[in-house]
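Model the full assembly from the supplied sequences, consistent with the hints where possible.
Same order as they appear, the protein sequences are chains F and X.
Quick note on numbering: my numbering labels position 303 of the first sequence as 303, and the sequence is numbered without any gaps.
Quick note on numbering: my numbering labels position 267 of the second sequence as 646, and the sequence is numbered without any gaps.
These are calculated hints, taken from the structure and not from any lab test.
Built from N, CA and C at the ideal position, the CB exists for glycine as well.
Certain hints may be false.
Taking lysine-lysine pairs in the DSS-like style, the calculated list, with each CA pair at most 30 angstroms apart, reads [as the list claims (entries may be wrong)]:
{"id": "1", "chain 1": "F", "residue 1": "Lys84", "chain 2": "F", "residue 2": "Lys47"}
{"id": "2", "chain 1": "F", "residue 1": "Lys138", "chain 2": "F", "residue 2": "Lys196"}
{"id": "3", "chain 1": "F", "residue 1": "Lys84", "chain 2": "F", "residue 2": "Lys196"}
{"id": "4", "chain 1": "F", "residue 1": "Lys88", "chain 2": "X", "residue 2": "Lys617"}
{"id": "5", "chain 1": "F", "residue 1": "Lys149", "chain 2": "F", "residue 2": "Lys126"}
{"id": "6", "chain 1": "F", "residue 1": "Lys88", "chain 2": "X", "residue 2": "Lys475"}
According to the in silico footprint, chain F covers these stretches of chain X (three or more CB under 8 angstroms from chain F) [claimed, not checked]:
{"id": "7", "stretch": "406 to 414"}
{"id": "8", "stretch": "559 to 569"}
{"id": "9", "stretch": "583 to 590"}
Some chain X residues flagged as far from chain F (calculated, every beta-carbon gap over 10 angstroms) [claimed, not checked]:
{"id": "10", "residue": "Arg384"}
{"id": "11", "residue": "Ala399"}
{"id": "12", "residue": "Ala439"}
{"id": "13", "residue": "Ile634"}
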Amino acid sequence: MDALAHDPVEDAAPGKARPPLDLELIDIRKRYGDFTAVDGVSLKVSKGQFVCLLGPSGCGKTTTLRCIAGLEEPDDGEILIGGKEATKDPPWQRDIAMMFQDFALFPHMTVAKQVGFGLEMLRRPKAEIARRVQHILKSFEIAVLADRKPASLSGGQRQRVALARAMITEPRILLLDEPIGALDYSLRETVMLELKLLQQRTGISFIWVTHDQNEAFSLGDLVVVMNHARIEQQGPPEEILQRPATAFVAGFVQGNNVFRGRVKELLAGALRIETPVGTFLVPRPLAAPPPMLGSEVSFSVRAEQITDAVFERHVNRLSAVCTAVEYFGAVRRHVFERSDGEVLKYDQFGAHAARIVPGLRLVLGWPAEAAVLHAGVGG
Amino acid sequence: MSTIRIRSPASYWLAVPAAAWMLGVVVVPIVLLVWVSFWGGRAFSMASPLTFDNYARFFANQTYLKLALSTIVHTATLMAVTGVLGYCIAYFLVMKVKSPGWRLALFLAFIVPFWTSTLIRAIAWVPFLGVNGVINQTLMYVGATQSPIEAFLYSRAGITMAQVSLYTMLAAGPVVYMLNAIAPQLREAAMTLKATPFVVFRRIVFPLTLPGVVIGQVLVFLNVMSDFATVATIGGNKHALLSNLVLLFYEGSQIRAASVVAVLLMLCMLVGVVVALRVVDIRRLGADR
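Written out as structure tokens, the structure is:
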């Protein structure tokens, strides 16, 4: 897939120190009647970044994508594409391309015809279109399909055609709406890797909408977690996995144990938080001022930070009964029931021998620094 | 629930009633019609010799040939007018009317007149088109004309107006169906590929609705070719098409001549449908989406 490895586009205006952002959203709002689909979304995408919009269905991620494409007009806010104001521009005047969830291939056009459609719209000479179509079909390994119509293609082939159709015009930004959601599960991993490599080679910014956190965390340079029309947290995958900013993010991201309680005591470097299942020490947030005494807070502990070999440094302890063991290969997850009925997940390295069986009661512990305090009680 | 397998005896037996009915009311009469059209001599009997005389007589008469030609021109005009008008209505209903309530209301407004018979709807045009009719009264009230225009009723224009109103929905219906079947994402995908709305229509929407257009055209073609009632009511005795000629001969007890015209009319329709099927394979409709 090296068809699109072209020279970086010289679009930085002379005199400007840095190239403009590929995309900037400033406080985007979109409502449908009483329903707010997107509420104050701001986002900066620098040159050639891979951004994943992650969230449950109905969280506004697709609407945000459609606003960027120009298929929806935001009620409020600004959209800058390549540093140029584009909020009111129709889709056909924006420097973007889009790949749709069900690929939206034109049923009456052959593969070659629809891959060349974008170039045709740019009024390129016929010979150039034919040459570039052939080239991209070859590099996407679908040259043999050139004269077929979409109805006779498999899911994986359609996905490649849709991608080729979107990429051939070499847009500044490629928008992808659940691009591999329609594929067989076994195919997804390969396609994901291919797309990541393609993105790195071409330097085109990808904005990838998904509800699948595996996709988001393995692909994204920047992951944007959305819920109820708002951005809950944005940052590199490690930051979102290690330091969830809100209870929603912690609960949405796999492998977190969320606790809710009240601040009972403010210590030097930590807070003592009283929850229905016990009292725990949580480090004070570094940036924000500490919460007030007695206020409601939530914090989370990742499942792999917990241990059943409790030593002195594991100041937070909890007794629970194992209810189930799930084996994923890389990890072995033990599901415990807390005394308040909620679930506590405890992950072990999968290569270790299984020791814990359902029905066993254990004391689990974790050090104070393993817990992450959330901003506000959300979710 | 049990299912009937293809080629099981039961499936053939189930087709028998319909097949017998079609044989009795369609196939046999058509065979008789064709047979009668070849009868020679003067006697009306099964023993008549078979000749081409009846056809020769028809084609030797300039008046009849002109009538056939004007029937074809008239039908083509109607197909063009109802085609454009029907497409516009269909496009408006599907693409522009967003509220489901309005869409239903407008759809009913178009459909409800079809609950009455074609003849009554044709007759209903008479008070509109007459010398003292609604159209003339309005034109004079507005000041567009001083004296009433007589060309509306009992004229080719009047027939065309009435038939356009009768058959436009036939042209629009299949297009509505095809437009509804186009996923909005297809148009959106074309737009993100830099196609302007007009290009989206020309390259995506219209090609995908073409089968609907052709089916609509076939329906209009068949109906106009065979419509003698509207022509008789609105055209008075001044205008006639081939279908009226059949009636005329029949009323004059010229059964053989009537059969000749009927057979020629059927042949025209057959050719029309074959041409349409050349453009769009209706049987494969929806197979590739």
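Going down the list of hints, with the structure as the test:
The hinted pair formed by Lys84(F) and Lys47(F) meets the criterion: a straight-line CA distance of about 14 angstroms does not exceed 30 angstroms. For the given pair, Lys138(F) sits about 19 angstroms from Lys196(F) by alpha-carbon distance, which is consistent with the 30 angstroms threshold. Pair hint Lys84(F) plus Lys196(F) holds up; C-alpha atoms about 27 angstroms apart against a cutoff of 30 angstroms. Between Lys88(F) and Lys617(X) the CA atoms are separated by roughly 60 angstroms; this puts the pair beyond 30 angstroms, and the hint is violated.
With a C-alpha separation of about 21 angstroms, the suggested pairing of Lys149(F) with Lys126(F) holds against the 30 angstroms cut-off. The straight-line distance between the Cα atoms of Lys88(F) and Lys475(X) is roughly 21 angstroms, inside the 30 angstroms bound, and the hint therefore holds. For a cut-off of 8 angstroms, the count of residues in the stretch 406 to 414 of chain X with a CB near a CB of chain F stands at 0, and the three-residue condition is violated. A stretch counts as covered by a chain when three or more of its residues have a beta carbon under 8 angstroms from one of that chain; for the stretch 559 to 569 of chain X and chain F the count is 6, and the coverage holds.
Remark: the stretch 583 to 590 of chain X is confirmed as covered by chain F, as 3 of its residues place a Cβ nearer than 8 angstroms to a Cβ of that chain, reaching the required three. With a minimum CB-CB distance of about 27 angstroms to chain F, Arg384(X) clears the 10 angstroms threshold, and the non-interface call stands. The claim that Ala399(X) lies off the interface holds: its Cβ sits roughly 38 angstroms from the closest Cβ of chain F, which is beyond the 10 angstroms cut-off. Listed as outside the interface, Ala439(X) is consistent with that label: its C-beta sits roughly 48 angstroms from the nearest C-beta of chain F, beyond the 10 angstroms cut-off.
The Cβ of Ile634(X) lies farther than 10 angstroms from every Cβ of chain F, with a closest approach of about 49 angstroms, so its non-interface assignment holds.
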